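Model the full assembly from the supplied sequences, consistent with the hints where possible.
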Amino acid sequence: MAEWTRTAYPQRWGVPLSLKHPATLLGLGLLALFGYLILAPVVSILLDAVHVNFGDAGRIGSPQGSLTLNYLQRVFTSPVSHRLFWQPLLNTLLVSLAAMSIAMLIGGVMAWLLSRTDLWGRGWFSTALIVPFMLPTWTFALAWTTLFKNRSTGGQPGWLESMGIESPDWLAYGALPMILILALHYIPLVILLFGNALRRFDAQLEDSARILGASRSTVAFRIVLPLMRPALMSAMVLILADALGEFAVPYILGLPVQFDTLSTSLFRALSSRQTGVASVLAGAIMVLGCITLSIDLYLMREARRFVTLGGKGAMQRRRPLGAWRLPATLLAAALLFIGVVLPLGTLFFSTIMHIPGRFEAANFTFDYWIGRDLSTVALNNGILLTPEFWSAAWNSLRIVGSASVCAGLLGLLVGYVVTRSPWRWLSSALRQLTFMPYLVPGIAFAAATLSLFAVERGPIPALYGTSAILMLALIADQMPFASRAGISAMTQLGKEPEEAAQIVGAGWWRRMASIIVPIQKGALVVGIVLPFISGIKGVSLFIILAVPATDVLTTYSLRLIDYNYTQAANAVVLMIALLTWGGTVLTQKLTKTGLAQGLEN
Amino acid sequence: MPTINLDAISKQYGPQAMAVENLDLHVESGDFMCLLGPSGCGKTTILRMIAGLEHLSQGRLSIGDTPVDDPARGRFVSPEKRGLGLVFQSYALWPHMSVERNIDFGLRLQKFSERERRARTGEVMEKLGIADYAKRYPSQLSGGQQQRVALARMMVLKPQVLLLDEPLSNLDASLRLEMRAELKRLHQAFDTTIVFVTHDQWEAMTLATNIAVMSKGQLQQVGSPDDIYARPANRFVAEFIGNPPINQIEAASRLGARLNRHTAARSIGIRPEDIHLARTGDAGTLIAQVESVMPTGGSWVLELNIDGQALQLSTQRRPDVRAGDTAHCHIHPQHLHLFDGDGRRLDSAEASSATPFNTPYMHAV
Chain A
1 MAEWTRTAYP QRWGVPLSLK HPATLLGLGL LALFGYLILA PVVSILLDAV HVNFGDAGRI
61 GSPQGSLTLN YLQRVFTSPV SHRLFWQPLL NTLLVSLAAM SIAMLIGGVM AWLLSRTDLW
121 GRGWFSTALI VPFMLPTWTF ALAWTTLFKN RSTGGQPGWL ESMGIESPDW LAYGALPMIL
181 ILALHYIPLV ILLFGNALRR FDAQLEDSAR ILGASRSTVA FRIVLPLMRP ALMSAMVLIL
241 ADALGEFAVP YILGLPVQFD TLSTSLFRAL SSRQTGVASV LAGAIMVLGC ITLSIDLYLM
301 REARRFVTLG GKGAMQRRRP LGAWRLPATL LAAALLFIGV VLPLGTLFFS TIMHIPGRFE
361 AANFTFDYWI GRDLSTVALN NGILLTPEFW SAAWNSLRIV GSASVCAGLL GLLVGYVVTR
421 SPWRWLSSAL RQLTFMPYLV PGIAFAAATL SLFAVERGPI PALYGTSAIL MLALIADQMP
481 FASRAGISAM TQLGKEPEEA AQIVGAGWWR RMASIIVPIQ KGALVVGIVL PFISGIKGVS
541 LFIILAVPAT DVLTTYSLRL IDYNYTQAAN AVVLMIALLT WGGTVLTQKL TKTGLAQGLE
601 N
Chain B
1001 MPTINLDAIS KQYGPQAMAV ENLDLHVESG DFMCLLGPSG CGKTTILRMI AGLEHLSQGR
1061 LSIGDTPVDD PARGRFVSPE KRGLGLVFQS YALWPHMSVE RNIDFGLRLQ KFSERERRAR
1121 TGEVMEKLGI ADYAKRYPSQ LSGGQQQRVA LARMMVLKPQ VLLLDEPLSN LDASLRLEMR
1181 AELKRLHQAF DTTIVFVTHD QWEAMTLATN IAVMSKGQLQ QVGSPDDIYA RPANRFVAEF
1241 IGNPPINQIE AASRLGARLN RHTAARSIGI RPEDIHLART GDAGTLIAQV ESVMPTGGSW
1301 VLELNIDGQA LQLSTQRRPD VRAGDTAHCH IHPQHLHLFD GDGRRLDSAE ASSATPFNTP
1361 YMHAV
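First to last, the sequence lines map onto chains A and B. Read in the numbering used here, the first sequence has 378 at position 378, and its numbers run on one by one without any break. Adding 1000 to a residue's 1-based position in the second sequence gives its number in the numbering used here.
These aren't lab readings, by the way, just hints derived from the structure by calculation. Model, not experiment: these values are computed from the prediction. Check each hint, because a few of them may be wrong.
[Unchecked claim] With a straight-line cut-off of 30 Å between C-alpha atoms, the simulated BS3-like cross-links for lysine-lysine are:
# : chain 1 : residue 1 : chain 2 : residue 2
1 : A       : K495      : B       : K1216
2 : A       : K589      : B       : K1135
3 : B       : K1111     : A       : K495
4 : B       : K1111     : B       : K1158
Take a look at the structure:
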């Protein structure tokens, strides 16, 4: 600790008085908690990667628990390394980079059209085009298979196939659909981030350049674009980091044709009980995440040079599109159709048709929703009449709900400590620790949690198969968002309202209960609801950690897919989409803050 | 009513960042003490240390006979137990409570009876003229009203010491005048010791019974407003207080050499109102080029050039000169402020006993 803190904070009985500051005590408690929830799993899985795991003692030839390079060799240099790691790595990079490029290109153009031109129905489009971001990624994946699925895998054929058109493998599975789907998913993010930056751009900067005689294109390339660079870069990195860990889409579209990404390769390793290999793969994914995020941190530091951007000179002027107005509006409409109407429509129609793709009156039915005594092997009732569905829904709400409430409260407390603690190292340690899960894609984090909590350690019993392990992993996974929301809320509030209460005689508990928490009510709601939405639609944590007893909606629907109950699976996915969309709309109504602000904080 | 004693207090934020250095200050009971200085001089830090929101690094702070912060003895009384009032620059009203609840909050904590609370809140709101807004929320109030609520929130507890952190800086000009009169009245009516922080010298001069001028974490001078204006202890105080600012002339310059009557003096200060226009030249006058004449409403500021030295003159009487004219001026030696090489004031007794300017050289311009 720095020398000055000791001089600034006097000692009593050898204990610095600053230690008695409630924020310090609270901070130390939080540090211990997150050390256990976040740091310990990560360290544990990294250790697993270089130690002989349970059951491998005979094959490796050294006792369980001793140091080994066996797993590293197997993943990086052995003859199977190509299938285990290198090909999945290439696939991951290909899919992520391609999806990001397409999303940046289309999203960038749309952001500009929506914020700077006289496009028809701008306000309406800017809400509608955000919808894909509120849906789970695999909604699109399922819609895609519903349309293009072919005979390479069993089960019901896709619509194209039923209409007699052969759907080739490259269209039905693998890289192409994955890239397109992820691009569709990330376009809204670009529209939000880039559009916001464009809107906040100070028109006076542009005007002064024009007055000095710069042409319109000079202004665009010399003034606007350079100033937009941080926003663009930031969007790129966010997309990349998120796409690297994407699990559900490759699981649905990649596995049938052995198109593995790092996350599915990790999943395979885990489900075939190769925990050592899985640990190495999880480590590799973390390293990739760290690289992307350090790029982001570097860029954010760069971006600070542009802070003057948030001036009051809002960009009111809109550029008339002239003859391009109609085509541009059609473009937006097309994007809306492809990104929202088509996938959701497809899914919905698929749930009310006996045979896919046959649009005849006799083929339509609501049996898959509310039917009874269907002539199927299992699942004889419609999905809304199936107890498993409701128990999965209840599990989702219960587990994700309580984890989100915990995460939201903890986030606010982290914000309190970070803004109040007299010990600067404590604030920065907490900030970085709670941000760490962001570096670790969900599937790797789930594997890490499993590696720590699956067996009994000290006073903590083995948690595998309980909802506790899911909650712990979820809380940790949601902390980056929750703590950022908490920190920004507390920073905006400032110290003074609390100090005023202190002056009139309020003790710490009183200040928390009567001042801090009531003032931060809105921020707390956001800090709970947004993690809740992402938790409800999340797959990667559950696919590793959930067991049938703790089935949630996402794992339930994935299992239905595996058993080829296509209609039922799609119906469950639609319900999830409805839940997340409703949640998002509710948050926006409650707090009057746009999703965009939430994402940027 | 307690006195406040600051004995050799220091506040250090980092190895290089000394916010307040070895400062002694004594605030008498019933004082209206103003801490005056440019931003970043440590005046708010002192206020926050008195309130207990910052800890001392060194020294001793006592309120009345009770030491409330004494790092050497490990003694620290937390802010909620000091029984002071503090009005923040930003007011820091609690946005989720109505005006009434904001004012009532402290009384509730002290477990006053419902009746007592009602009576006291009502009384203070009446006194400050905010009774009509009792049910409103802070966001529905204007700046001046918010300021009154912030004040009422503290006054209702009848603190013996009231600390004010630039309470007028967020108000517009007319409200500021009104609130200033109000503060002065409150000081008399409530009979409290007030410590007030501001960077506005006019506010300090008009309100305070005593002013402590600060710069870079160090106390420059403490005294009554008149005293500080008439006898600035050093160059900083002389330059910081006064509008238009005091004219500083290097003793080594031509004009400086003519005015200086003290061997140790390195610079000479003349207040703009201490330079007088004269109708005709006589033995004691200086000849000045008039560069410009600026009316400021009720008074005039003239920019003069005497011996190549730019000087400002201010007068309450309409000057009968125009830019480009040559004028005659008087400077009475009594009004000169002499400072030594370290900027400290030299005893003016020596300066005033010096001979007036009647050397033949005066006419040589």
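> Tell me, which hint numbers fail for this structure?
Replying inline: Every hint satisfied by this model.
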